[in-house]
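Just need the whole structure built from these sequences, with the hints factored in.
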Amino acid sequence: MFQLIRDDEGFPPAVVFEDSTTPGLVPLWEAIGVYDALYNSDGRPAREVARAIAYGLDKASQDAALAKLMPPGVSQSEAIRFLENVNRGCNTHGAAWIQTR
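Residue numbers (my numbering): 1 to 101.
Careful: at least some of the hints might be erroneous.
Computed beta-carbon distance windows for the label pairs [stated by the list, open to error]:
id : residue 1 : residue 2 : range
1  : 12        : 68        : 43 to 49 Å
2  : 51        : 19        : 17 to 23 Å
3  : 18        : 68        : 27 to 33 Å
4  : 39        : 91        : 18 to 24 Å
These are computed hints drawn from the structure, not numbers from a lab.
Model, not experiment: these values are computed from the prediction.
Yeah, the Cβ is synthetic: ideal placement off N, Cα and C, and Gly gets one too.
Have a look at this one:
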């Protein structure tokens, strides 16, 4: 689970973005350089990981050979869809902080 949390003064923190994907994608995330941005970024502003996510999204979209890293029954397009959503969320809510589960 990847969440972006906005903390406006005077209001309780609110989830402004949330998405999750199939387990088993760690080998792909490591190969395209987004593992730390997705799993080791708790508390960081979204803008700090947006570039890494965008770079990984480009790699995942352009390299069909990465399909061998996908777990059985999961398509590369599912991983790309998740990264597209996370990328959009990070760019839209750059000041929000990241929470992963």
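| query | Between residue 51 and residue 19, does the C-beta distance stay in 17 to 23 Å? | reply | For residue 51 and residue 19 the Cβ distance comes to about 19 Å; the hint holds.
| query | Should the hint that residue 39 and residue 91 are 18 to 24 Å apart at their CB atoms be regarded as holding? | reply | holds (20 Å)
| Outcome of range test on Cβ distance (residue 18, residue 68; 27 to 33 Å) | Roughly 29 Å apart at Cβ, these two residues keep to the hinted range, so it holds.
| field | residue 12 paired with residue 68, Cβ distance criterion 43 to 49 Å | value | Since residue 12 and residue 68 have Cβ atoms about 44 Å apart, the given range 43 to 49 Å holds.
The structure is consistent with each of the numbered hints, conforming to all of them.
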